[in-house]
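Could you fit the two chains together into a complex? Lean on the hints.
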Amino acid sequence: MPPTSSEVSRLLDAWSNGDTKALDQLMPLVADELRVIARRLFKTESAGHTLQPTALVNEAYIKLRGQRKVQWNSRAEFFGVAANMIRHILVDYARHRQAKKRGGDVLKIPLDEVFALPEEQDAGVIALDEALKDLAMLDPRQSRIVELRIFGGLKFQEIAELEKIGRTTVWREWKTALPWLRRELSRSSACRG
Amino acid sequence: MAAMTPELWKRAKELLAAAQELETRDRESFVDEACQDDVALREEVAELLEYEEPGVGILDIGLGLLRPPESREDGGLDDSGAGSLSALHEGQRVGPYEVERVLAEGGMGTVALAVREDDFSKQVALKLIKPEKLSEDLLRRFQMERQILASLAHPNIAVIHDGGTTEDGLPYFAMEYVEGVPIDRYCDAGRLSIRWRLELFLKVCSAVEVAHHNLVVHRDLKPGNILVTAAGVPKLIDFGIAKPLGAELAAKSLATAPGTTPMTVKYASPEQVRGKQINTATDIYSLGVLLFELLTGEAPYPLDSSSVIELARVICEEEPQKPSSAIRHRQETHSADSADARQTAATPSRNRRGESRTSDTRRISRRLAGDLDSIVLKALRKDRRNRYSSVEQFSEDIRRHLAGLPVIAREGTFVYRAGKYLRRNRRWLATASFLLLVVLASAMMKIRADRQIERVKLDNLRAENQANMLSGLLKNLFIKAFNPDEAQGGSLTASEVLDRGRELITADLEGEPELLAMQLEAMGMVYEELGRYDRARPLLADSLRLRRRFYNGDHPLLARGLNNMAACFYRAGDDRRAEILYREALWMRRRLGQEDIDLAKPMSNLATILMNLGKYEEAEEEYRRVLESRERVYGCESTDVATSLFSLGTLFYVRGDFEAAEAPLRKALGIRSQAFGPEHTKVASARSTLGRILHAQGRLEEAEEHFAAVPELLRKRLGEDHIQVAFTKRDLAALRLDQGDPAAAELLLAPALRVFRQTKPEGSWVIADAESLLGACLTTTGRYEEAEALLHRSYRILREQRSERAIYTRKALSRLHELYAAWHEREAPGDLPPNEPITGS
Chain E
1 MPPTSSEVSR LLDAWSNGDT KALDQLMPLV ADELRVIARR LFKTESAGHT
51 LQPTALVNEA YIKLRGQRKV QWNSRAEFFG VAANMIRHIL VDYARHRQAK
101 KRGGDVLKIP LDEVFALPEE QDAGVIALDE ALKDLAMLDP RQSRIVELRI
151 FGGLKFQEIA ELEKIGRTTV WREWKTALPW LRRELSRSSA CRG
Chain U
1001 MAAMTPELWK RAKELLAAAQ ELETRDRESF VDEACQDDVA LREEVAELLE
1051 YEEPGVGILD IGLGLLRPPE SREDGGLDDS GAGSLSALHE GQRVGPYEVE
1101 RVLAEGGMGT VALAVREDDF SKQVALKLIK PEKLSEDLLR RFQMERQILA
1151 SLAHPNIAVI HDGGTTEDGL PYFAMEYVEG VPIDRYCDAG RLSIRWRLEL
1201 FLKVCSAVEV AHHNLVVHRD LKPGNILVTA AGVPKLIDFG IAKPLGAELA
1251 AKSLATAPGT TPMTVKYASP EQVRGKQINT ATDIYSLGVL LFELLTGEAP
1301 YPLDSSSVIE LARVICEEEP QKPSSAIRHR QETHSADSAD ARQTAATPSR
1351 NRRGESRTSD TRRISRRLAG DLDSIVLKAL RKDRRNRYSS VEQFSEDIRR
1401 HLAGLPVIAR EGTFVYRAGK YLRRNRRWLA TASFLLLVVL ASAMMKIRAD
1451 RQIERVKLDN LRAENQANML SGLLKNLFIK AFNPDEAQGG SLTASEVLDR
1501 GRELITADLE GEPELLAMQL EAMGMVYEEL GRYDRARPLL ADSLRLRRRF
1551 YNGDHPLLAR GLNNMAACFY RAGDDRRAEI LYREALWMRR RLGQEDIDLA
1601 KPMSNLATIL MNLGKYEEAE EEYRRVLESR ERVYGCESTD VATSLFSLGT
1651 LFYVRGDFEA AEAPLRKALG IRSQAFGPEH TKVASARSTL GRILHAQGRL
1701 EEAEEHFAAV PELLRKRLGE DHIQVAFTKR DLAALRLDQG DPAAAELLLA
1751 PALRVFRQTK PEGSWVIADA ESLLGACLTT TGRYEEAEAL LHRSYRILRE
1801 QRSERAIYTR KALSRLHELY AAWHEREAPG DLPPNEPITG S
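The listed protein sequences derive, respectively, from chains E and U.
Using our numbering, you'd call the opening residue of the first sequence number 1 and step up by one each time.
Using our numbering, you'd call the opening residue of the second sequence number 1001 and step up by one each time.
Treat each hint with caution, since some may be false.
Claimed, not checked - Label pairs and their in silico Cβ distance ranges:
(1) E1317/U / P140/E: 16 to 22 Å
(2) E1679/U / K133/E: 56 to 62 Å
(3) P140/E / A1040/U: 19 to 25 Å
(4) L1718/U / A123/E: 50 to 56 Å
(5) P140/E / K1382/U: 56 to 62 Å
(6) A123/E / A1017/U: 26 to 32 Å
(7) A123/E / A1369/U: 40 to 46 Å
(8) R1754/U / A123/E: 55 to 61 Å
Stated by the list, open to error - Heads up, simulated EDC-like pairs for lysine to aspartate or glutamate below, C-alpha to C-alpha not over 20 Å straight-line:
(9) K133/E / E1007/U
(10) K175/E / E1053/U
(11) K175/E / D1026/U
(12) K175/E / E1028/U
(13) K1010/U / D134/E
(14) K175/E / E1021/U
(15) K175/E / D1574/U
Since the hints were made in silico from the structure, they are not lab data.
Virtual Cβ for every residue (Gly too), placed ideally from N, Cα, C.
This is chain U alone, in the form it adopts within the complex (with noise of 0.2 Å):
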């Protein structure tokens, strides 16, 4: 650019500039037009746009350093507005004050100590709107930490004295200047004791007690804004964001978009990081990692990352360390690198000698474990709903700790362990053992639910004695299972922990049938959940024998006990015994006062059953009473309709009645979409079946509509080797198979095969039905000898599980007999029934 000159450059910055405004594709049209024939404009225009965007040189990453603080990534206008001095300045005239200097300067508002004009010994603390952040939003804000301020008398709270605004029109008030140090620096200079710590500690917590009984949510507790005078008072100082809980408040006054809420990352908790609701419990959980600081000088977790996306990961997914550990961990690196700066009682002087510093921690890390470990952890905990219920259940608990009374929070901590204990061993039994404190957890509410009917029978004070012995039962059980130092080799299976309780139930239940009988069923009910069904069935039937034994005659407890029983028995696959179980139960029911609508999923259950042992018209009756009492109860565009519906249309197809199976499931799709959105796995399944049943029927593409909308769907919900992924290869493969593309067929039938043979048990039907099809690929293409092997036998376990006349065995039969008529050098065996035609009912 030896020919550039200021004409030249003026120009070509014109053209620059209204060329920057434009989207990147009309850019080059623009330049040329404007430039016509001056080709060195052209040029230079043309390449200096291509040094728009931000590089890696000087200008745009080593000069970040020097940009200033609040400017945006693209500099643009909305960095605008005076600079934040002429917010404020010394010497300032505001109200009746007088700036002296500024102290801090906000998000939305810059603080200023200043003195009373009248009477310069009167400090206070001055905030001010920062003008180039003025907002309607922000105006309500300010205005509304005014008013909060002004609502909280309190000794731990900052007084307000009075605001108004100043001569540019911005509004302001004056708060009590608290002269300290952040509560963190102050613990730490004076490095007090943990005990002190604690009292500071509540007196903060009365504070915003006061805040929270005055419906204020202060949402921003951190250090920073909890100073301590030299008195050795803790002072809240900023209600910058706080928040009413009074709905008509909130709902006026605060429509804080999620996202937009400024906070403090490291003190934030899970729902303030996600966006959700705010409420008390926010605070609770601020306060515990303020605590959690006090007592050990870490963060509950590593925050140490820059990004805010991994920041809200670790804050809503991991588990804190517990204060204890962390003091430990501290030691461990802060012996090795003495350079922090940051000391706390926790860690003794830099100066004294390592094996003291040593002795110390442990002395402090024991002085934390147990009672302060779990107050604090109760207070971290993810869901709100498990923390303290207040903050001064929470401050009580600190009090009785000092007091050297039993913690609250210490209470069903054995749960909260295990978990913690089962999270960290992500192994299988860990899931397992997971699920079976899920279980265990339900079937104890229900249990509860139950007993609220049993109260009328029961003397009250008799139900409340089997009630503790129960949770403490539970207990004992879990603490003996979960506890690290008492299992062997550290991992616990869900299987010893089970016989373990086998062994104590037995024991401790002596002589308590009822208590006995329901303990067994929870446990049933936990192999059950966890697939273990032959060890479900002894206990589950021992339950129903006590209790057969127990109640005289119908009762509640002794139907529920059948209906479990059934309810294995069918995921077990054993469909007689279960058909026998679930008809008792039903009846019970019923006797009891049941309706339909009550019953409708054991009556599915029922109907399943009776579908797949071959009891078509019995299956029908039951299902249709279901979907009646789901039309009646719900409305018929409901999704348990649509469940019914579903139901009855699988039933008509799997009878070979594809004609009348169209109707329910188009409808059943319908609905589902509706509620759904296209999107849902079970519009994904209502789509498969009905193009089953439109390939049954001969019409290909229809069915191939169908099928092709489904499999991305499901694999990108539930991944590529999801059993229902597998499904929809299957049902393509027959389509394909029909289509006269037999290698298709088998390339897509193989990994579904894989899929079947890795979830399902050896003998399934949905293998044999899915290894017919194969045979039937197999026949097409000529390789007669596995075709033969594969077809023979997936005909005899369809035979032997889903009854002569579905449609599977059907078509199983049928595709021997077509490998015999193309295999022209053997002969059908004599035994083999004759074929009989699938199409038409």
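The shape of chain E in the complex, shown without the other chains (with noise of 0.2 Å):
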């Protein structure tokens, strides 16, 4: 069941209205169609591309508003939600793909492949993951700016309008995650021994 163009832009004019439930309805839409497309572009690009959030988002963004003009605020937090999107596939793959490895099948996702990075990067996105989770504890807004600019794509500018926080905060709190994250990943795979 296909999303029609203009339940989409109804739902995201209504969250950007401030209708939160409207994101939990336009979540698994806009999901279908991230790896609808994915799925094409995998077909017509090389083999061994990887997947480019950025080129798949602004695909999806496109397909779902039709021709519709519109502003650039909706458009940033399409943006923000395909971040957090592309992360849930990312990590639920790794996790069914670990789960699997181990023979178990605690998870039944159905996941396309097309969403995976390599195998041997699975550990290594469950635990930034986790990482996020932690992070999001002390601090949700640099954790979501790191989601953002990680799974989504997304530029510093464009971090900031959506975060509606000057762009300099939204370098000083990348950079400063960054060596946080660095140091739970560490962690992490240390444990993991």
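Here's what the structure looks like:
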């Protein structure tokens, strides 16, 4: 059941107007669309090409919004949603694959191969997700900035506009998050031995 | 970090951010001070600072995959501005246009498909500057592209409609929307024949031609910028980095710093990757790459490296393969690996059977061999002077090929082929042969220059005929010599080449003594250049004999023959014969009206010969004449004057006049340092000689200062085993011995002597001089027997080669005396000349 453009537009508008429930409805629609697009991109691009979230989200956005003229705000917010979604998709898939490797079938999420990072990065993706969750406990906005940057491929200016903060602040948050995350990641890999 | 709380993190983060702004070395003290006695905070920040550098974890490596494509490594603030979509998005209105969709994002702008609001059927390609890239320079380039496109009206160049500024103040222009595919894909998809591909390519050439006529260089010719419409019309669409050639325009508008020029490396010419001056030849090169690809589906070089430096090296140094071999090569690789998606006319359908593919490949390879190979390679020459001189010439050659006429590209390919053949065979013979080529070429040029003078005397037509014959001969010779198919065993030595040449020449030039003389002379000079004086001499002598017979009395060519012969003897070390011939040559050239300044080189050589022969007064006179004429013509501070001063100082030193030697050497050193900078080898040699002079004056410390500055400099420039480096070691060894450290002297001398023995012929005075020094070391350490043999031999050689009066000979003699003075068991032989004091003149 492909979502109609108008439906997505309505949800997006509702969401930008403060209706948080709209987001819950929006997510699965967009996720489906992302998968479709990603699959197509991977068919046309040569094998071994890595997933470019920006390209992916761009496509999804254009597709979902149809020909309608849109304002910057909702577009940025859309990217925000997409970033979060891509993170979930990647992490879920990594967990799924790890679980499968261990012989269990804990998760049965039908995921598209196209979203997968190389298998050896599964542990890293999961650890990064955990670290971001930990960071969110300390500073939710900072965690969000990293998410937008890494999983959404957003530029600093875009993040600034989305979060309604200065670009320099975004930059500083990003720069200070990196060492923190690196440390957490090195700890988690040390724990795994 | 169990105790980590949002509050603690907030403070830690602030300190971390502040510390990140500081230099690494200041960070620790800053953190210490800022935290005062808050140990937990300090430890936290200090620890985090250790994770400042990117590591190998997923954050820095794995997720590189997920970074935005344009993000900088440091993720700095320059990665800023609105996203690319903010420049253009569908539905957006730009002037009278409405954007339908983004077509492409280039380095500086976005191209979108748009329609006119008042006429939806009219599609245009809208080009806009990306707001985040906006800069004065970009704005200039953008406006320039607009201007350029407007000035170029050609069916194969996209037409510009209009332009203006968006509501946000960004400039844009609208041009013809070319609904087409890149030319390479077009050719492959249609499996076009070679002829079709060439026809298509010719149309591209005609577009580039028009640009060049309008003094515009495209600089970025590549398939992506050449779209072919469904009607089969190729169109040049992007002049984004094009450059106007007009001097006044270029200076003002395009101060493109080397290295900052955006371009596509695959199609970039050597001059482009080197950041050198760009001209129309640059486009010819890119067209060459394009043609190569269209014909073969391959790049001229394997450009699979990801390193820009490596790519640049390949482009600047590696010879492209022939298109015809590229096809064969492609066949070989691809028959093993059929996964390649690209198809060209050259590689027939993947569905067909292997045999037919092989035969098709052979057929195409044969089709490309010869003309097309030559045409493509001529466009791809590293040195742009060797490429086609214009796009017209390039396309004309293709047309000639299509019409079955002989092509320009194959003229003169023998030299090129020879060069390539030589480069493949990196043996010394190859090097020698290459030298031979160079020398022959320059000899040819000299001959032609002289021929200009000759014209007065010679009937023009006859001169023309002779010149043609001559070049025909040379060509013949080289085709025979360097064609690997004709050279047995694939490797022809330089001597073999010349031997064949001699046969050819004498057979072909019966009754043409002038020409025969020239040919013999040219060949003789080649041998001379190769260091084969034994072979050079008879050739030069024959040439000279012919000329003596042919020209009655003075003649420039006869004078030149004498000069060449003299130079040959000089370089072979036969000073006596060289002196006679140089004198004759110089007299004749003076009678023919040449001035001292024209004769500076042979006069200097004569002076050196006179010095070697111990005729110091005459040598000085000759050197001074050269010096005076150079001072008069080039000025007192010129490097030529420095050369003369250097020679004069050396002469004074050799004759033992150490006080007089110092001033000219210091002056020469000054001029050379000024002219070449302190690191030049010519500065080093002046320093060495000055050091020797000071050493001879007994000013050991000053000498050492000069010596000390030299070896490092030379080693860096020339390598450890260069003879000049060996000279400095010898000089320092001599100094060490006089400082009373024979062990150090011997250590320095041993490697120097090894180099001399490797590079100089047996019995050379240079070796003798060093051996004499070694003998002195041996005397000092009491190894008299060894010393005696060495000292006698070196004294004998030096006396023969450098006259009794030369400093070297006198030193060798005094070392012999020192030996017998120290060695009580042995008496000096009765015929040993008495010792002369060396200090003073």
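Checklist entry - Which of the stated hints cannot be reconciled with the structure, identified by number in ascending sequence? => result 1, 7 and 15
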